[in-house]
Each structure stands twice: as C-alpha cells, then as structure tokens.
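Trainee: Sequence:
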Amino acid sequence: MHKRYLSFALILAIIASSLSFATGEVIYYSMPVYTQLEDEWCWNAVAQMVADSRFNVTKSQYDVADIDYKKSTGYSYTSSQSFIVGKLRTSNNPIALGMEFSNGAEHALAVHAYDDRNYNQRIFYVDPGPGQATNEYFSWDELQYTGLYVIGTSYYLDGEW
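With this note's numbering, letter number 137 in the sequence shown gets 137, and the count goes up by one each step, no holes.
Check the hints yourself; a few may be wrong.
Claimed, not checked - Listed next, with one range per pair, are the computed distances between beta-carbon atoms:
| hint | residue 1 | residue 2 | range |
| --- | --- | --- | --- |
| 1 | 83 | 24 | 14 to 20 angstroms |
| 2 | 92 | 24 | 17 to 23 angstroms |
| 3 | 39 | 90 | 17 to 23 angstroms |
| 4 | 30 | 105 | 26 to 32 angstroms |
Hints listed in this document are in silico derivations from the structure and should not be mistaken for laboratory results.
The structure displayed is predicted, hence computed values, not measured ones.
C-beta: ideal position from N, C-alpha, C; glycine also.
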C-alpha cells in the first residue's frame, strides 16, 4: 500500500513539474526606441529604429524623410501570424509592421519580439507615437481582427541608406 501511494505521489510530481516548464518559442531583438518627431511620422520613427538595429546606422528622422521611398500600390493584404513571426525570425532583427484600422487610419509599429510560451501568443512592439514610445505587446487574438500587414515587404529604399 505504501508503494502505491509513493508511486501515485511520484506520478503527480512528474506531471506537476512538466506543467511548470514553459513550452513554446521566444524571439527577442533589442533596438533603440525613438518617438516620432512630426505628425504622421510613425513610419519614419519605425524606419529609424529598424535601420539602427539592422544596419547599425544612425540617421535622423529628417534624413529618413528625404530618402526616396517607393511603395507598391493597388493591393492590400493581411499577414498571418506565421508570416509575421517568420519575418521576425528570418530577419534576425526587428521588423516594421503596419496596421490598418476599419476607419481607414494606418499606423506603423516596430516589432522586436514574439513569445508563445504557455499558449499565450504575444507580439512585442514599440509604438513611436508622441508619449507612446514604450515596450508594449498585443496578444494574437487582439491582432487577428485588425487589418495587419508587414511594411517591409511593400516598401523599399531607392538608393543609399
């Protein structure tokens, strides 16, 4: 009888210990944090954060505004979670993320981390808006109902960075 209780206690201990370990993936990249310097310059501050991280180049937002950007037009798309996480994983750097809201407004964020441990999928970002430039996160459930697209795949630089 004592062995049975001991076996049962051992099984419970194994189950409890396996539940206490986090499962899933964590991706994290450090980056500088900038606040947009002008109205509607969220894209600019995000470009500055991502470029500083990726290329180790410091450009002012005014310099970034002078760069000739090209944007693909005529289509819109929504990025899946796996696409966004894949871009974050393969870039080995933070990525620019665009959000389009139901009222037509758009906003840019710099995404620098992903965490899906314990089945709680979260995307960590910096919002460059005035008074907003802090480390925040969205759960995937919050994001999936927003039109979401990765800016880096539809915008590109023309010329030297």
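Trainee: The structure should be examined with respect to each hint, and the outcome stated for every one.
Mentor: How the hints compare with the structure:
no., hint, result
1, 83 <-> 24: 14 to 20 angstroms, "holds (18 angstroms)"
2, 92 <-> 24: 17 to 23 angstroms, "holds (19 angstroms)"
3, 39 <-> 90: 17 to 23 angstroms, "violated (33 angstroms)"
4, 30 <-> 105: 26 to 32 angstroms, "holds (29 angstroms)"
When each numbered hint is compared with the structure, a violation occurs for hint 3 only.
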